[in-house]
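**Q** In order, the protein sequence lines correspond to chains A and B.
Residue 131 in UniProt numbering sits at position 131 of the first sequence, and the numbers go up by one each step.
Residue 40 in UniProt numbering sits at position 40 of the second sequence, and the numbers go up by one each step.
Hints listed in this document are in silico derivations from the structure and should not be mistaken for laboratory results.
No experiment lies behind these values; they were computed from the predicted model shown.
Just so it is clear, CB atoms sit at the ideal spot from N, CA and C, and this is done for glycine as well.
It cannot be assumed that every hint is accurate.
Have a look at the derived ranges for each label pair, beta carbon to beta carbon [claimed, not checked]: (1) A:Gln-168 with B:Gly-214: 41 to 49 Å; (2) B:Ser-123 with A:Pro-47: 37 to 45 Å; (3) A:Ile-195 with B:Glu-119: 29 to 37 Å; (4) B:Leu-61 with A:Ser-93: 36 to 44 Å; (5) A:Asp-124 with B:Val-19: 22 to 30 Å; (6) A:Gln-193 with B:Val-225: 27 to 35 Å; (7) B:Val-225 with A:Ser-93: 30 to 38 Å; (8) B:Ala-51 with A:Glu-79: 21 to 29 Å; (9) B:Val-216 with A:Pro-47: 53 to 61 Å; (10) B:Arg-83 with A:Glu-65: 24 to 32 Å; (11) A:Glu-65 with B:Glu-119: 47 to 55 Å; (12) A:Ile-195 with B:Val-225: 32 to 40 Å.
As a list, the in silico DSSO-like pairs of lysine-lysine whose alpha-carbon atoms are at most 27 Å apart [claimed, not checked]: (13) B:Lys-238 with B:Lys-219; (14) B:Lys-141 with A:Lys-77; (15) A:Lys-70 with B:Lys-111; (16) B:Lys-88 with A:Lys-17; (17) B:Lys-164 with B:Lys-231; (18) B:Lys-238 with B:Lys-97; (19) B:Lys-231 with B:Lys-97; (20) B:Lys-111 with A:Lys-77; (21) B:Lys-50 with A:Lys-75; (22) A:Lys-77 with B:Lys-97; (23) A:Lys-77 with B:Lys-195; (24) B:Lys-97 with B:Lys-50; (25) A:Lys-66 with B:Lys-231; (26) A:Lys-133 with B:Lys-97; (27) B:Lys-141 with A:Lys-75; (28) A:Lys-114 with B:Lys-141; (29) B:Lys-97 with A:Lys-114; (30) B:Lys-170 with A:Lys-75; (31) B:Lys-91 with B:Lys-17; (32) A:Lys-70 with B:Lys-164.
Not the full set, but computed from the structure, chain B residues with beta-carbon under 7 Å of chain A [to be verified]: (33) Ala-95; (34) Val-99; (35) Tyr-100; (36) Met-101.
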Amino acid sequence: MSIMEYNGGAVVAMVGKNCVAIACDKRLGVQAMTISTEFPKTFQATPKTYIGLPGLATDVQTLAEKFRFKVNMYKLKEEREIEPRTLAHLVSSTLYERRFGPWFVEPVVAGLDKENRPFICSTDLIGCINFAKDFVVSGTTSNQLYGMCESLWEPDLEPEDLFETISQSLMNAVDRDCLSGWGAQVTIITPDQVITRTLKSRQD
Amino acid sequence: MADRYSFSLTTFSPSGKLVQIEYALSAVNSGVTSIGIKATNGIVIATEKKAVSTLIDDSSLEKVAIICSNVGMVYSGMGPDYRVLVNKARKAAQAYKRVYMEEPPTAILVKEIASVMQEFTQSGGVRPFGVSLLIAGFDEKGPMLYQVDPSGSYWPWKATAIGKNMVNAKTFLEKRYNEDIELEDAIHTAILTLKEGFEGQMTENTIEIGIITGAVSTKDDGAVVLPEFRKLSPSEVKDYLANIA
Numbered sequence: 001m002s003i004m005e006y007n008g009g010a011v012v013a014m015v016g017k018n019c020v021a022i023a024c025d026k027r028l029g030v031q032a033m034t035i036s037t038e039f040p041k042t043f044q045a046t047p048k049t050y051i052g053l054p055g056l057a058t059d060v061q062t063l064a065e066k067f068r069f070k071v072n073m074y075k076l077k078e079e080r081e082i083e084p085r086t087l088a089h090l091v092s093s094t095l096y097e098r099r100f101g102p103w104f105v106e107p108v109v110a111g112l113d114k115e116n117r118p119f120i121c122s123t124d125l126i127g128c129i130n131f132a133k134d135f136v137v138s139g140t141t142s143n144q145l146y147g148m149c150e151s152l153w154e155p156d157l158e159p160e161d162l163f164e165t166i167s168q169s170l171m172n173a174v175d176r177d178c179l180s181g182w183g184a185q186v187t188i189i190t191p192d193q194v195i196t197r198t199l200k201s202r203q204d
Numbered sequence: 001m002a003d004r005y006s007f008s009l010t011t012f013s014p015s016g017k018l019v020q021i022e023y024a025l026s027a028v029n030s031g032v033t034s035i036g037i038k039a040t041n042g043i044v045i046a047t048e049k050k051a052v053s054t055l056i057d058d059s060s061l062e063k064v065a066i067i068c069s070n071v072g073m074v075y076s077g078m079g080p081d082y083r084v085l086v087n088k089a090r091k092a093a094q095a096y097k098r099v100y101m102e103e104p105p106t107a108i109l110v111k112e113i114a115s116v117m118q119e120f121t122q123s124g125g126v127r128p129f130g131v132s133l134l135i136a137g138f139d140e141k142g143p144m145l146y147q148v149d150p151s152g153s154y155w156p157w158k159a160t161a162i163g164k165n166m167v168n169a170k171t172f173l174e175k176r177y178n179e180d181i182e183l184e185d186a187i188h189t190a191i192l193t194l195k196e197g198f199e200g201q202m203t204e205n206t207i208e209i210g211i212i213t214g215a216v217s218t219k220d221d222g223a224v225v226l227p228e229f230r231k232l233s234p235s236e237v238k239d240y241l242a243n244i245a
């Protein structure tokens, strides 16, 4: 029994043409038993940046609150919104502070910077950042997500096409993982607007 | 020593003043003059390097200090107190960089230094710093010049002077400063302002000048590159001095 697989969950983020998408499943389980189907794992950091937090649910909640605190303090002190790249380093240093007693989450950061350039990255549980140009995956379904994204993703997808691609990647990947699924939430971030859609998937 | 005195040595007088801070300001005002001027495309800060005797090797005396790549600082007042603040400022800048992997914006760094100086007016067993600082930085909001006083209050300036000759220097600057001044002119003006109150011969070894200029640019991966603060070399200072002669 691995602590990272106690609650289950999946998060994926992708880069499109002047847009990014981030998606997660909605299951919360205690090992084999599903106890909630309303536990999304993506959180808004700024109007144009989202953080995905799959892993141990208690740490997901605590870190979501910690990052909300840090991002709000940043905004008050610096009188500007935090950029996605800066947020990624903030996430990394927060995780590394607990190097020898880590938070059991593997976060994903996705957003548009102030020039509306897309940015995504993921980190491991102790803060090693993986900057990617195409997609990042995290959670118990990561292997399946790698397979789906590698096959379906192509560069410069428009927001509507990116939505289809990320949704299909996530839905089909979680169908091969007993600890993830039970609904999905997809957020598309473009320079003009942010749309979050809830998908109905196989409820098993 | 701080554990023996758990009470602050800086206490209020009946009129509501903190006398220790007033005295600290006297220490500042008896120190050598420093100038700071903000131009449209950068900032210049300058000071006199007043050596007590001709036997002093002034090439190794550093008054204008680099805090991080986009921020520099100069002072008027007590040199040893300044050294402590330079170290604290450098550490604060690197601590910020550790968390965010980018240089701190000038205003943030100034707030940090100012709150250190304020701590020493309210903690047990310590005295305020006997320096006023001129901090010059360039961040995404552009060039910013700040003055920080022993009390911990800080103000942004377009052009200012601190130290012995500050009153005359500020009058001089008020006449010569305009909002569209460019850095080359600003350096020229700074040197002339220093010359007003200069005792003795002004050479490239008796003044120190630091500048920051350029533009904010972005690398391909989106990382921001800020202009760098640097001190003028003695030969560069000599060229500027030749132009005003």
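**Q** Between A:Glu-65 and B:Glu-119, does the beta-carbon spacing fit 47 to 55 Å?
**A** About 29 Å separates the Cβ atoms of A:Glu-65 and B:Glu-119, which means 47 to 55 Å is violated.
**Q** Do the beta carbons of A:Gln-168 and B:Gly-214 sit within 41 to 49 Å of each other?
**A** holds, 47 Å
**Q** Given the hint of 22 to 30 Å, is the C-beta distance from A:Asp-124 to B:Val-19 inside that range or not?
**A** violated, 56 Å
**Q** Does the structure keep B:Lys-238 and B:Lys-97 at a Cα separation of 27 Å or less?
**A** Violated. B:Lys-238 to B:Lys-97 sits at ~36 Å, over the 27 Å cutoff.
**Q** Would the pair A:Lys-77 and B:Lys-195 pass a check requiring their Cα atoms to be no farther apart than 27 Å?
**A** Outside the cut-off at roughly 39 Å; violated.
**Q** Starting from B:Lys-141, check that the Cα of A:Lys-75 is at most 27 Å away, please.
**A** Within the cut-off at roughly 15 Å; holds.
**Q** Is the shortest C-beta separation between B:Met-101 and chain A less than 7 Å?
**A** At about 4 Å, which falls below the 7 Å cut-off, the nearest Cβ of chain A leaves the hint on B:Met-101 intact, so it holds.
**Q** Is the shortest C-beta separation between B:Ala-95 and chain A less than 7 Å?
**A** Because about 10 Å separates B:Ala-95 from the closest Cβ in chain A, which is outside the 7 Å limit, the hint is violated.
**Q** Just tell me: holds or violated, for the beta carbon distance of A:Ile-195 and B:Val-225 against 32 to 40 Å?
**A** holds, 34 Å
**Q** Just to be sure I understand the hint, the distance between the Cβ atoms of B:Val-225 and A:Ser-93 should be within 30 to 38 Å; is that true here?
**A** violated, 21 Å
**Q** Holds or violated: are the alpha carbons of B:Lys-91 and B:Lys-17 at most 27 Å from each other?
**A** violated, 32 Å
**Q** Can you tell me whether the CB distance of B:Val-216 to A:Pro-47 sits inside 53 to 61 Å?
**A** violated, 23 Å
Comparing the model with each numbered hint stated earlier shows that hints 3, 5, 7, 8, 9, 10, 11, 13, 16, 18, 21, 23, 24, 25, 30, 31, 32, 33 do not hold.
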